[in-house]
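Participant: The task is to assemble the complex, starting from two chains supplied on their own in separate frames and drawing on the hints.
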Amino acid sequence: MRRWYLLLAVPFLGLLYPPLYATEDPELFGFPFFYWYQFAWVPLTAGITYFVYRRTRPRERHTGRFRRA
Amino acid sequence: MKFEVDGVAIAVFCALFLLVTVLGFVAARWKRADLGLLDEWGLGGRRFGTVITWFLLGGDLFTAYTFIAVPALVWAVGAGGFFALPYTILVFPLVFLVMPRLWSVASNHGYVTAADYVKGRFSSRGLATAIAFTGLLATMPYIALQLVGIQVVLEGLGIAGEWPLIIAFAVLAAYTYTSGLRAPAMIALVKDTLIYATVIVAIIYIPSKVGGWDNIFSSASQALPGRDEPGALIPGTPDAQVAYATLALGSAMALFLYPHALTAVLSSRSQDVVRRNMSLLPAWTFLLGLMALLGYMAIAAGLNVTDPNHAVPALFVDMFPSWFLGVAFAAIAIGALVPAAVMSIAAANLFTRNVWKEFVRADISDRQESQIAKIASLVVKVGALAFVLFLPTQYAIDLQLLGGVWMLQTLPAVMIALYSRWFHRWGLLAGWLVGMVSGTWIASSQDFAPVWNVPVLSVTAYTGLVALALNLVVATVITLVLGRRGRADRLDETRPEEYDELMETGQPAPTVGAGVT
Chain P
0 MRRWYLLLAV PFLGLLYPPL YATEDPELFG FPFFYWYQFA WVPLTAGITY
50 FVYRRTRPRE RHTGRFRRA
Chain H
0 MKFEVDGVAI AVFCALFLLV TVLGFVAARW KRADLGLLDE WGLGGRRFGT
50 VITWFLLGGD LFTAYTFIAV PALVWAVGAG GFFALPYTIL VFPLVFLVMP
100 RLWSVASNHG YVTAADYVKG RFSSRGLATA IAFTGLLATM PYIALQLVGI
150 QVVLEGLGIA GEWPLIIAFA VLAAYTYTSG LRAPAMIALV KDTLIYATVI
200 VAIIYIPSKV GGWDNIFSSA SQALPGRDEP GALIPGTPDA QVAYATLALG
250 SAMALFLYPH ALTAVLSSRS QDVVRRNMSL LPAWTFLLGL MALLGYMAIA
300 AGLNVTDPNH AVPALFVDMF PSWFLGVAFA AIAIGALVPA AVMSIAAANL
350 FTRNVWKEFV RADISDRQES QIAKIASLVV KVGALAFVLF LPTQYAIDLQ
400 LLGGVWMLQT LPAVMIALYS RWFHRWGLLA GWLVGMVSGT WIASSQDFAP
450 VWNVPVLSVT AYTGLVALAL NLVVATVITL VLGRRGRADR LDETRPEEYD
500 ELMETGQPAP TVGAGVT
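Respectively, the protein sequence lines represent chains P and H.
Its first residue numbered 0, the first sequence is counted upward by one per residue in numbering that gives the first Met the number 0.
Its first residue numbered 0, the second sequence is counted upward by one per residue in numbering that gives the first Met the number 0.
The following block holds chain H by itself, in its conformation from the complex (with noise of 0.2 angstroms):
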């Protein structure tokens, strides 16, 4: 289908991105503190309180990407692609357990990256370079993806070329230099409330037109098996539906140790605001749930879409009038500015930290931190937009499938680590190691099937979550058999009291000046 150009669409997304654009730039201002310092450039000070966390955490999560992606699989694979609803359902309680520990030693010990802390959990700098390395190499395509989406919805409005691609980053790029993670932070009310308009509008209205849920339900049960690869609109198979439960599972696991996660987790104030966040974040996944559903919604349209990309887009278009269609697709571009921002402001920050002062120069001082930091994240951006411009998009949604499967492997030496230093440090990188590489070549041996037929136990289950499963076998072994000689291994600079997910100081978490020179 070809998309034409739209006029007053046009004109009312660019009223909305100039807002925000206005926004980002004034954030710099907003709860005033010193930007040299990479507490409050990278962390926004550590000071956000329940209602910003949620918008930040929510607009983070739950990126433009995700919005175009989910509804596109369920198009193209019918049941497959619900998994995401699970997926987020059970994310917050699993956060609710893990990550208060987290913020607890890091504010304790004044860590910003995850592998700040376990270079202070296990005082190995290969261990802690491991994780770094992980967290940027599956951020970076994350990034480009959310660009992929700012795409799509520009073909949804008639534009071609890509310079509108360049500008839109350009600017971002601009404000978070300045404002650090204030400018998503603010953003994000901008990006969530149209958001919920859009799809609040879209689930109330489009199913009228398309005469009701029934049809909708029942124009997918007989379209999907007549695609290319048959769909189901029930996950019918023992091996549809292992696939759909481990992936909801892998993928929430995976979720919390992106960089962008945690450096959203990081910023809010206390711990009690990171749990009381867990049981408001399922909005989203609610609202996930009903996005998803608009892939059904194109098929009763009778949509017919050569990308599964283009499903969202091509029922907006069809459906909206020429104003709403400007807000909504506006709130899926504003939608990736707040990912990609927290993107690259975690990926800086893991540079900064466990790159720069780990290999680089170890002497330089808070504010020449940050400004490493702010570079960086210009670097990402860039090479973000390099990727897209110059690479098949497939390549970044490959990447992305990848992403999820190495951030897992970081799961042992960050989250079995809050709970317990069983492991030895080698085990723990070997382990890595095992699971980066097995991962990587089976995902790839699959032409990036998420799921693989796993040999002996014939299931099919989740490529991250078998990585995971050989990354732990080698972790215990090797721990087994260093065990006795792992004296040395007993360098830890947290202490078990530090981790009380449930202590609260009432005093804002110490700042990098303070806390870690």
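Excised from the complex, chain P in its bound form (with noise of 0.2 angstroms):
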């Protein structure tokens, strides 16, 4: 269940490697690629966290509240 884990490393190689990204062009609504790629970095982000989130919960609960649907 913690090789799910693994996944949380990928937003640290696309933001730690600034050479990637240090770019003008390509332009997105007047942002210059720097801006607008690390800006897309947060909801990616915080979607891999809730998709390891959702995958390590322990299964063990049975409570309503809890259930999957």
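For the record, the hints were derived by calculation from the structure and aren't laboratory data.
These figures come from a predicted structure and were not determined experimentally.
Backbone N, C-alpha and C fix where the C-beta goes; we use that ideal spot for every residue, glycine too.
Incorrect hints may appear among the rest.
Unchecked claim - So, partial list: chain P residues that the calculated Cβ filter (under 8 angstroms) puts toward chain H:
| no. | residue |
| --- | --- |
| 1 | Pro18 |
| 2 | Thr22 |
| 3 | Ala39 |
| 4 | Trp40 |
Stated by the list, open to error - Quick look at which bits of chain P chain H covers, simulated, 3 or more residues with Cβ under 8 angstroms:
| no. | region |
| --- | --- |
| 5 | 3–16 |
| 6 | 23–36 |
Said to hold, decoys possible - Distance ranges between label pairs, derived from CB positions:
| no. | chain 1 | residue 1 | chain 2 | residue 2 | range |
| --- | --- | --- | --- | --- | --- |
| 7 | H | Pro224 | P | Arg53 | 44 to 54 angstroms |
| 8 | H | Val50 | P | Leu5 | 45 to 55 angstroms |
| 9 | H | Asp238 | P | Leu5 | 56 to 66 angstroms |
| 10 | P | Pro57 | H | Gly210 | 29 to 39 angstroms |
| 11 | H | Gln370 | P | Arg2 | 43 to 53 angstroms |
| 12 | P | Arg54 | H | Pro224 | 38 to 48 angstroms |
| 13 | H | Leu388 | P | Arg2 | 48 to 58 angstroms |
| 14 | H | Gln221 | P | Thr22 | 46 to 56 angstroms |
| 15 | H | Asp491 | P | Arg54 | 24 to 34 angstroms |
| 16 | H | Ser364 | P | Leu5 | 46 to 56 angstroms |
Facilitator: Quick look at the structure:
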């Protein structure tokens, strides 16, 4: 189950090597690439973290509130 | 630029301030419990659920000073100041991994502070004291900076003099004293709503007045190279890029070592709440990123400020009608109260648990413990106020930078210890000392620039990470040397199964009274 934690490394790979994204083009809505690329990582990272959270949640709970759909 | 007195804005500002003052005192009755106990006063009874934790952590980590200083830095140096975005993106997956373990072991043993945990883990009073000392040292200037945030806003309203700041802080001190952590948790609801409203309005409204995003970025790229220390819209040189990445990583590693971050984490109801929040808190990161761009908007609006910290207030004054200016400034000022309250509570917890009980009197009752913490929170706040009133603001800013460097030096003893007890406590203590001294020395010799051109490696990296590397080398060497004689070192009151971050007890964490004594 904990192997899902490896996914959490992805945002680090995407953000800790600035040569990857330190350029002006392509622009989006007037934002240089450098800016919108990093903004894009905000929801992406939140999504990854949420996914890992769901995958690593203990399953033994059976109360109605936490039951899976 | 000179700010003028704006009656309408001041009236709105004062009304909102009054509202949160009332809330701060009412908070004592919320989830009613015996506030004579430290767990209740200082951790809100460890009962906060997902929503409250989100508001509290968001309001606590994304401080008013951040909302002033990040756009100020972006205004002054451009892309270099934008590292706040990757920093606050990466912090959450990091915390997702580490903090639930700490929550688990802390709730099993009733630890209130990181130093409590270190003492239990390594049964070393010296090491625990070092951790507590670091936390206190780093927190004080941080509280002072929240005051600087309020001060900047007051200046923007055209209010001169020091008395409004003193009144604001006296009020804050009074309701923290009576309501404990419940007060900032409740005020955070108001503050966060106001901040979101302000930023959303600013992001939609201001670009339309200064010629759209295209124009915002192009005027920034024209203006930045002309600064005294030339800035850039994109970090082009390898030096700037390494500095950018190391600042983001190092700051992310340091953030949750800060006492106020730990306090907010430990006050949540379960690890599940902590883990779930890590995918919800990035909403704050997005907000901070947008806020940072206000620095460029100030450039595009052609505002000339002598102090970069005035970039945002000047922009708001220039753009907003009076009544909304009052809302926006109240958002920032109230935003200073939440972290200031949590920080002073965290510092008080540290002082009570790890200084007073450790060195003055160990046999105090739970009730006395809470009383001492309340008084300590007052002393801390008065100290911060004196700091701002009597010393140059620049000291607080420099010390805040050092604070991050200092907090990072507790990483081996607190965070690595959550995974492994391989390090010898003397190794950790020596490493901490080397890290503290070298980090402080490098930063002060650099005139408190956050990065350092490392000799031999010839890269420009965040000072805190350089000091942490030295720290780890020393800790490793001493651990290897002492290794065989480390038998007496095996004293560890925690057990491996207590670290299970996935274990859900379904029970509220034990209180101090039940857990520790």
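Participant: Looking back at the hints listed earlier, which ones does the structure fail to meet?
Facilitator: Of the numbered hints given earlier, those the structure breaks are 3, 8, 9, 10, 14, listed in rising order.
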